[in-house]
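Trainee: Could you put together the complete structure from these sequences and hints?
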Amino acid sequence: MSMTAEPFMARAILAAEHGLAAGQTPFGAVIVRENEVVAAEHNAVWAACDPTAHAEVRAIRSACEALRTIDLGDCEIFSTCEPCPMCFTAIHWAKLPRLTFGASIADAAAAGFGELDISNEQMKSMGASDMEIIAGLCRDRCVALFTQWLARDDRREY
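Our numbering runs 545 ahead of the 1-based position in the sequence shown.
I should point out that these hints are in silico values taken from the structure, not numbers from a laboratory.
Since this is a predicted model, take the numbers as computed values, not measurements.
All residues carry an ideal CB built from backbone N, CA and C; glycine is no exception.
Incorrect hints may appear among the rest.
[To be verified] Only pairs whose alpha carbons sit at most 20 Å apart, straight line, appear in this in silico EDC-like list of lysine to aspartate or glutamate:
id	residue 1	residue 2
1	Lys669	Asp616
2	Lys640	Glu677
3	Lys640	Glu660
4	Lys640	Glu581
5	Lys640	Asp595
6	Lys640	Asp675
7	Lys640	Glu562
8	Lys640	Asp662
9	Lys640	Glu666
[Claimed, not checked] Simulated restraints, written as ranges between beta carbons of each label pair:
id	residue 1	residue 2	range
10	Glu677	Leu559	22 to 28 Å
11	Arg613	Thr692	25 to 31 Å
12	Gln667	Glu581	29 to 35 Å
13	Pro596	Ala651	17 to 23 Å
14	Glu579	Met671	17 to 23 Å
Mentor: Structural data, given as structure tokens:
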């Protein structure tokens, strides 16, 4: 697992910024194995016309393809925002043992995103998951992504 988490969150933030530049929403995710980035993705819901094209799901797909496996148990994921229930479940199915995120679901909701009001800790508890969850890493920088997105005249909500 990673020794220093901040550079990996910085990479997730960069992925989100690339998504913003491409007219997407402000979410990024990175999957790391042995302190190396395996996948870095941003949300591409509008580009793909796919409501499941969230950054975390795309990062899982990319990492699985790169590593030729569906078991990412020797990896970890960094997300700029607390994953929605769909993404949290995908992280569980991919067997990622550690999730680190920056902004919270409440931060996303405050920016206008229609997140379901259930925290990752609640899902972990309800599902009896042993996933390690680290919340709030680089939170201010991750919340700033929402501010950047809200300032765009061309932003598209969903």
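Trainee: Under the constraints set out in the numbered hints, which ones does this structure not fulfil?
Mentor: Violated: hints 3, 5, 7, 8, 11, 14.
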